[in-house]
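Trainee: Each chain is listed here by its residues.
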Amino acid sequence: MFNTMTRAAVAAAAFGMVLAPAMADAAQCTNDTWKKVMSRGKLVVGVKADYKPWGFRDKSGAIIGMEIDMAQDVADTMGVKLETIAVQSSNRMQFLEQGKIDLMIATMSDRADRRKIVGIVGPNYYTSGTNVMAPKALKISKWSDLKGKPVCGKQGAFYNKIVTERHGAKVIAFTGNAEAKQALRDRKCIAWVYDDSSIGSDLSSGNWDDFEMPLSSEDDNPWGLAVPLAEKNCVFGQFMSGMQHNWLQSGKLIALEKKWGIKPTAFLAGHKKRLKDWLDK
Amino acid sequence: MIEFIRTFFLDLYEVAPRWNFIFFHDKTQWERVLSGFWVTVELSILCVIFSVIIGIVGAWLQGSKLKVPRMIVQGYIQFFRNTPPFVQLLFFYFALGQFTPTFSPDGWTQVPIISNVGWAIISLSFFAGAFNVEIFRSGIEAVPFSTQEAAESLGMSRLQAYIYIVFPLAFRVSLPALNNNLVNLVKTTTQALAIAVPELLYEFLGIWNDYPSALYPSLTMVFFIYIGLVGILVISMNRWERALRIPGYGT
Amino acid sequence: MSARAIPGVNTRPTTDLPVLLPLDKTRAAGPDAMMVSRWVAGLPWWTPVALLALIFAWPLTASAASKFTYADAVTELIGWLPFLISKGFLFNVLISFFAMLIGTAAGVSLGLAQISNNVLIRRAAKFTTQAFRNSPWLVLLYIVLLTVPHEISFGAFYVTVPGWMKAVFGLSLPIMANISEVVRGAIQSVPTAQWEAAEALAFSRMQTLWQIILPQIFKRMIPPWMNWYAILTMATPLCSLLGVDELINLSRQAMEGSDNHPELLVPFYGFALLIFFAYCYPIARWTMSLERKYAVKL
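Chains as they are written, first to last, in my numbering: chain P, 7 to 287; chain A, 2 to 252; chain H, 140 to 437.
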């Protein structure tokens with residue numbers, strides 16, 4: 007009784023505030039975004055410009071990277087021109103919702119609460135785990151060693167709150183990775199929490215010889231690209247699912263990994279094997 | 002009651018996925034908001050108290066017969082009155098902060114003895130204190146010399162005359178200007194965000210970075226809380242001012 | 140609060156034993172907005188040179204374990220300069236220019252509305268001014284960025300509203316409120332004798348305002364107006380928190396493109412400081428010289 011009362015009250019209150027996008031239903035596909043892209047002859051994709059090597063700037067200012075190559079492939083398949091817009095973790099979903107971008111390939115981790123806002127379609131094209139870069143001198147060996155200690159991180163990363171809640175670490179979030187790494191150098195924190203592949207490439211660069219990545223990666227969280235929520239079960243969503251399946255099967259992503267210097271992951275190799283065409287001998 | 006609020010906002014999130022008032026139904030986020038709120042309040046209160054103390058002491062020193070205290074106070078006022086508070090904040094934290102001694106609780110991390118909250122309090126108190134010195138000084142000068150002479154002739158030392166006669170009158174007369182300065186101070190404390198002081202806006206920023214669905218509710222809350230805080234301060238200051246107003250003085 | 144004659148306070152004392160002297164208002168004034176321009180203008184001419192020297196010769200406290208030297212960091216910065224200036228700082232300037240344009244137009248109207256004879260208009264204008272003056276600029280920016288649509292369509296024809304243009308609307312709101320206060324303060328500083336004389340000469344209210352009052356105060360409003368422009372320019376990096384591509388955001392992306400070595404921090408942010416200073420310093424000097432020139436007592 008009380009529950010239905012609350013629900014009625016909430017519905018009445020929310021009536022004026024509801025900004026929820028229309029629920030996609032295969033029977034009611036209007037395919038607005040697809041039609042818009044086709045008629046304008048231009049696909050606008052939101053990509054990261056601050057996450058090397060998935061999306062970053064070159065000296066001329068153009069955005070390049072693995073995800074941009076993927077976006078170019080999508081545009082070529084659709085037969086339209088590609089336009090990339092730099093997005094950040096804080097605004098990538100809004101831009102998609104508002105229609106500023108038609109497609110989002112921006113290193114976004116696939117999470118349940120995000121699926122309610124944007125149309126994340128599978129199969130997931132990549133995955134990454136959380137790890138830390140810590141000084142060798144501290145001899146950190148397990149995640150519980152971080153309990154109560156200050157750990158530097160970048161604002162907006164979803165694992166910041168997981169590390170805080172699960173392991174009791176105190177995450178100090180900085181606006182950029184350079185600031186976080188400087189704080190680590192200044193000994194303001196005992197470790198830097200980030201993606202294991204980025205930490206790996208930093209350690210192999212030779213500038214961090216006093217540091218190591220001692221823990222086992224946690225939370226292998228697959229990434230998801232997203233179309234507007236209304237398109238999820240319609241042409242655009244199904245098309246992107248097909249693109250991802252083909253990328254995984256043909257090994258195109260493995261080739262891109264190699265091109266951009268990312269350490270080969272078992273994830274992509276495993277998917278290629280799993281999706282092997284039965285006629286391929 | 003609390004349960005009702007929790008379920009109300011959870012249901013609201015179900016109906017409107019962009020209006021996730023997560024800090025009302027999730028305990029960790031609520032604690033974050035509360036800690037940010039307390040840091041803001043603590044920053045404002047401590048800065049107000051310290052700046053008033055600095056103002057009183059400085060005004061006293063400015064009337065000293067010796068040259069050195071007068072010069073020190075004058076130099077202090079010139080520096081802090083003529084530079085923007087944002088620059089002072091950055092200067093204190095980055096330049097002076099480099100030279101603070103550190104201690105190490107675990108053999109590796111270096112923790113400075115004055116944290117960024119400490120530097121924010123120091124910087125903002127000194128900033129507002131410089132204006133308070135001038136405000137109190139002009140209040141003291143509104144007390145005619147004959148009154149001080151009368152106090153002296155009654156056998157009071159200079160300090161006693163200051164505490165019992167001169168300063169209460171000066172305070173009452175300079176109250177409107179003081180109120181203005183203190184409200185300005187509270188508005189300026191939001192700039193402490195630049196040196197990562199975990200105040201209210203910083204915590205909300207963290208919340209909407211972690212939970213993009215809580216963006217609109219966070220913005221709404223920040224907007225109304227700030228307007229509310231400043232509004233309450235202005236109204237209570239005006240009330241106090243009106244109670245202590247001397248009719249016909251200074252119109 | 141009419142002028143009741145109180146001997147010794149606002150009229151001649153009747154005895155030589157006064158109770159309280161009048162308060163020195165200019166001394167007891169709080170921080171004024173002009174402080175920013177005054178401080179920037181007061182910096183010595185060699186400040187940009189010192190800043191440049193600092194960027195190039197930052198004491199090398201980098202750890203020995205790093206192969207990426209400070210010289211490498213400065214070389215990287217120089218490589219990124221064309222991009223940072225043409226796509227970064229240019230947008231900061233553009234944002235400040237247009238926000239000032241729109242803010243001034245709206246602010247002047249709001250300021251005139253604040254002295255209106257109509258009670259409703261006056262109250263609404265006063266409320267708007269106070270609300271936007273006291274709100275944090277960041278929150279106003281966010282609200283505008285989220286509510287303004289990204290493109291406006293006229294049938295088949297559509298116009299995109301880029302992020303920096305939304306930032307312009309967002310920043311013009313507090314500017315509008317502050318300019319409105321400048322205008323109101325300037326109009327109220329004109330002695331009432333002018334209004335009465337105009338009334339005696341049968342000028343209507345609009346005529347008085349536009350032909351007599353405003354021309355007198357126009358020149359005196361210019362220094363505070365330029366001061367707000369300097370404050371606005373220095374506030375444009377706030378847009379970086381909202382994802383608008385301006386200097387600070389592009390500096391971060393450039394640092395990422397150069398692998399985010401901590402050694403890059405001082406050159407890149409030092410350069411940002413330098414270029415903002417180089418832009419605001421001449422403006423501040425000009426502002427203070429105009430203030431001296433136009434400080435005429437009415």
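Just so you know, these hints were derived from the structure itself, not from any lab.
Treat the hints loosely; a few may be bogus.
[Claimed, not checked] Simulated pairs of lysine-lysine, BS3-like, Cα-Cα distance not exceeding 25 angstroms:
| no. | chain 1 | residue 1 | chain 2 | residue 2 |
| --- | --- | --- | --- | --- |
| 1 | P | K122 | P | K155 |
| 2 | P | K145 | H | K164 |
| 3 | A | K188 | H | K164 |
| 4 | P | K142 | H | K226 |
| 5 | A | K188 | P | K155 |
| 6 | P | K48 | H | K226 |
| 7 | P | K167 | A | K28 |
Trainee: All hints are to be evaluated individually against the structure, with a verdict given for each.
Mentor: Hints, verified against the model:
1. P:K122 with P:K155: violated (34 angstroms)
2. P:K145 with H:K164: violated (64 angstroms)
3. A:K188 with H:K164: holds (22 angstroms)
4. P:K142 with H:K226: violated (41 angstroms)
5. A:K188 with P:K155: Given that 25 angstroms is the threshold and the Cα spacing comes to 33 angstroms, the pair is violated.
6. P:K48 with H:K226: Given pair P:K48, H:K226 holds - Cα atoms ~23 angstroms apart, limit 25 angstroms.
7. P:K167 with A:K28: Since the Cα atoms of P:K167 and A:K28 sit roughly 13 angstroms apart, the hinted pair holds (cutoff 25 angstroms).
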